[in-house]
Amino acid sequence: MVLAHARALLYSTDEGATAYIDANVTDPDRILDVAAKTLDFGRPTALILSNILGHVADYDQARSIVTRLMGALPSGSYLSINDGSRGIDPVFEQAQDAYNNSGAVPYNLRSIDEITAFFDGLELVEPGVVSVTQWRPEPGSDATEVTAEHGGLARKP
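All residue numbers for the sequence shown refer to our numbering, where the first residue is 1 and numbers rise by one.
Possibly wrong hints are sitting among the right ones.
Derived DEER-like restraints, expressed as beta-carbon distance ranges [stated by the list, open to error]: (1) Asp40 - Arg63: 22 to 32 Å; (2) Ser75 - Gly103: 41 to 51 Å; (3) Ser75 - Pro106: 29 to 39 Å; (4) Pro137 - Pro157: 21 to 31 Å; (5) Tyr99 - Pro157: 32 to 42 Å; (6) Val91 - Leu39: 36 to 46 Å.
Think about it this way: if two alpha-carbon atoms lie no more than 20 Å apart in a straight line, the pair counts; the simulated EDC-like pairs of lysine to aspartate or glutamate are [said to hold, decoys possible]: (7) Lys156 - Glu126; (8) Lys37 - Asp27; (9) Lys156 - Asp120; (10) Lys37 - Asp22.
Don't read these hints as lab results, they were simulated from the structure. Just so it is clear, CB atoms sit at the ideal spot from N, CA and C, and this is done for glycine as well.
Build out the structure end to end from the sequences listed, making use of the hints.
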């Protein structure tokens, strides 16, 4: 479904190129090879991993993927990650566990410390790794609610 939308909606113009990659996050070398056809890895680039690392069951493998992808990017590049988190909302965790046991593609919640460790070696941008509702909220909004999804943004030195 995602690829059908990408084919229909993403196109390049004179102002810039748009592309998508039909690949699995567990194959970072393929992602980098295909992305290099569109992106100039000699210039700072943003890597956005939104709610995808939870699909990698093995935490060490997920960290390795992030390390491999960021390793290909030059200094000044940014990494944005947000993923479901454990230790915040027991009802959400029970629902996620039930979903995972339903036969669907499992999604693994991580602790806040585990999510934070994805940024090792990078310079976290304030406010750091926080509930996504608390990351730079709109002025005047009520950002006191903490959700079971945490993320952050960091710069590669």
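Results of checking the hints against the structure:
no., hint, result
1, Asp40 - Arg63: 22 to 32 Å, "holds, 26 Å"
2, Ser75 - Gly103: 41 to 51 Å, "holds, 44 Å"
3, Ser75 - Pro106: 29 to 39 Å, "holds, 36 Å"
4, Pro137 - Pro157: 21 to 31 Å, "holds, 27 Å"
5, Tyr99 - Pro157: 32 to 42 Å, "holds, 38 Å"
6, Val91 - Leu39: 36 to 46 Å, "holds, 41 Å"
7, Lys156 - Glu126, "holds, 14 Å"
8, Lys37 - Asp27, "holds, 17 Å"
9, Lys156 - Asp120, "holds, 10 Å"
10, Lys37 - Asp22, "holds, 14 Å"
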